[in-house]
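There are 2 protein chains.
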Amino acid sequence: MPDPTAAGARPTLEAVAAHAGVSRATVSRVVNGGAGVRRPLADKVRRAVEELGYVPNHAARSLVTRRNGAVAVIIAEPEFRIFSDPFFEQQVRGISRELTAHDSQLVLLWVEGPGDHDRIGRYLSGGHVDGALAFSVHNDDGLPAVIRRTQVPAVFGGRPGWAGQAADRAVPYVDCDNRGGARLAVRHLLGLGRERIAHIAGPRDQTSALDRGDGYRDVLLDADPALIAQGDFTAASGARAMAELLQRRPDLDAVFAANDLMASGALGVLRERGLRVPEDVALVGFDDVVSVAEATDPPLTTVRQDIEGMGRLMVRLLARVLNQGEPEPGADTPGSVIMPVELVRRASA
Amino acid sequence: MPDPTAAGARPTLEAVAAHAGVSRATVSRVVNGGAGVRRPLADKVRRAVEELGYVPNHAARSLVTRRNGAVAVIIAEPEFRIFSDPFFEQQVRGISRELTAHDSQLVLLWVEGPGDHDRIGRYLSGGHVDGALAFSVHNDDGLPAVIRRTQVPAVFGGRPGWAGQAADRAVPYVDCDNRGGARLAVRHLLGLGRERIAHIAGPRDQTSALDRGDGYRDVLLDADPALIAQGDFTAASGARAMAELLQRRPDLDAVFAANDLMASGALGVLRERGLRVPEDVALVGFDDVVSVAEATDPPLTTVRQDIEGMGRLMVRLLARVLNQGEPEPGADTPGSVIMPVELVRRASA
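If you read the sequences in order, they're chains A and B.
Residue numbers are given in UniProt numbering: position 268 of the first sequence equals residue 268, and the series is strictly consecutive.
Residue numbers are given in UniProt numbering: position 54 of the second sequence equals residue 54, and the series is strictly consecutive.
None of these hints come from the bench; they were simulated from the model.
Just so you know, these numbers come straight off a predicted model, no measurement behind them.
In this text, a Cβ means the ideal position worked out from N, Cα and C, and glycines have one as well.
Don't take each hint at face value.
Claimed, not checked - What follows is a set of in silico ranges between Cβ atoms, one per label pair, in the way DEER data are often shown:
{"#": "1", "chain 1": "B", "residue 1": "A223", "chain 2": "A", "residue 2": "R47", "range": "51 to 57 Å"}
{"#": "2", "chain 1": "A", "residue 1": "D140", "chain 2": "B", "residue 2": "A25", "range": "14 to 20 Å"}
{"#": "3", "chain 1": "A", "residue 1": "D140", "chain 2": "B", "residue 2": "A15", "range": "29 to 35 Å"}
{"#": "4", "chain 1": "B", "residue 1": "P250", "chain 2": "A", "residue 2": "A25", "range": "19 to 25 Å"}
{"#": "5", "chain 1": "A", "residue 1": "Q247", "chain 2": "B", "residue 2": "A347", "range": "42 to 48 Å"}
{"#": "6", "chain 1": "B", "residue 1": "A347", "chain 2": "A", "residue 2": "A347", "range": "53 to 59 Å"}
{"#": "7", "chain 1": "B", "residue 1": "D214", "chain 2": "A", "residue 2": "D140", "range": "50 to 56 Å"}
{"#": "8", "chain 1": "B", "residue 1": "S125", "chain 2": "A", "residue 2": "M339", "range": "34 to 40 Å"}
{"#": "9", "chain 1": "A", "residue 1": "R46", "chain 2": "B", "residue 2": "N323", "range": "29 to 35 Å"}
{"#": "10", "chain 1": "B", "residue 1": "E342", "chain 2": "A", "residue 2": "E14", "range": "34 to 40 Å"}
{"#": "11", "chain 1": "A", "residue 1": "L343", "chain 2": "B", "residue 2": "P114", "range": "37 to 43 Å"}
{"#": "12", "chain 1": "B", "residue 1": "V290", "chain 2": "A", "residue 2": "M339", "range": "36 to 42 Å"}
Here chain A stands alone, though its shape is the one from the complex (with noise of 0.2 Å):
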């Protein structure tokens, strides 16, 4: 517990500023860096600061009471993937905005492939952010081991499938209902009277991915092999799979993309083939990237999953886990939180 008392008798900005004689907004800035103060007066501040013992309340304001006052947001993918999918950048701003709430400093990192864990690991080990904040983690992924060993407390976006993770200790995660919301995709193309319902699947070794491939099972129990193609997520993707889909099974009256960018990359090849959406062919997408699926032409008929609050739930999450410690290991993971979703109907089914 705190004791008001000592809080009370820590000299405040105030008394400085009255101290050296100046204002208010010249201590903060001399106490805050110095930009813009002249020298003499920055010393005569710097010298009431010395005199009075006064300590600037950022511990107060920040994440934790923790030295650092930063925390490290590591995206589990190459730089161009980063910069060319709007998911990330909304992930990101979630983020952003709550850890500048928190008065805690956002320094963004990357992999661009297993070569770059050793650095990372390094890093995250030297004691320069209180917490990570990891995403876009695959199953094959070594870097949640590398996180792990460094001991830094972290909490994932998207439910962790990872090696050995089961008999790991618990993980906080932030996700979205994945495969309900795939069911929800689904059940609506069914209710437009849709009977060949293809779907382009997101990569393999990604919970996101499989899980909406699971809704879209569980709701076509007996769907076709050849009315699935698979794709990585990005817009290039979607299209070689709409082309082999629509080779395999030219029958197809609908399409459920698992996100957004690869169902606007089918959209363009359903376009060049004459196939009109939603008449010929309806498509669903998920995510709901404003920036993808309110710029198709039809706009997409998609799943709606709160990213930017994802991101700042991530925050409060690491939070948590800060004040309170680490959960312990085989403990469940009290902390994580499936964010439920939503269809949002546009033009395109």
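Mind docking chain B on chain A? Use the hints.
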């Protein structure tokens, strides 16, 4: 001077492996965090490391023999700009590759607004990075002062133009020949017989944009001010500026846009108005951001700067600063580099 005898006497990875009775790969894994190595084996290796006094060779590989092995890349732009302008991606890619080659960890920071400066200053002051690379700084930007106060060695991308910069400590930077490149562009349009060449200018508070405007005026000394419209380097601002120019000077027959993104925005407006490019209006951009300049229809004639190469150079310059110490106040900036540019002819002009 390193003592070769002492260096030779340092126990090697191989010696540790032999001592512990394990493979070289296992020692390497344990030394680099221990991912994937079972506990008893890892303990054996750690004992051998201790007994032999083995020191991993990180320092030798790292950018400099400082302790952090990390460099901050600070983009003085809000997150939505960073993720939507492929220029930043290319520059960051160059930096990232060069830092990886130096075994130094890139940590990316950005600036939503001046309210972030204090926090960034505290982070830099916290001793978490060996140096900083900053780019897209604006002339009224408080960021350079913040970085200077922290005394973290820094290299800038783009010629410094901020207030007080001239009187300041010499600041090493990397830039391209913006003014010469603009002259190339305008002379090319003149060479095509164009007589009413408009300019879509970049932000008034960035030297790159100002220098390109100066290059335009170097060639067209008596250019009608109505032929110059203001943009901010985004595609949307290029479209707005193009609409303005067509209203003021419907007789214009060429446009030099200060970057490719604005040229792509201008192109959209020209097509909407039924103007053919290059027949009715010839169009030249600047940057040669491939994902923009090659993707437009018609592809853009533009001034190519080696964006990725500039990123790499920034890292090399920083390495030199870190190895040689800071330049003296008022000294020249011997390390700064102005890179040449070239005109790339495509269909738009």
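- Where does the structure disagree with the numbered hints, that is, which hint numbers, in rising order? 4, 5, 6, 10
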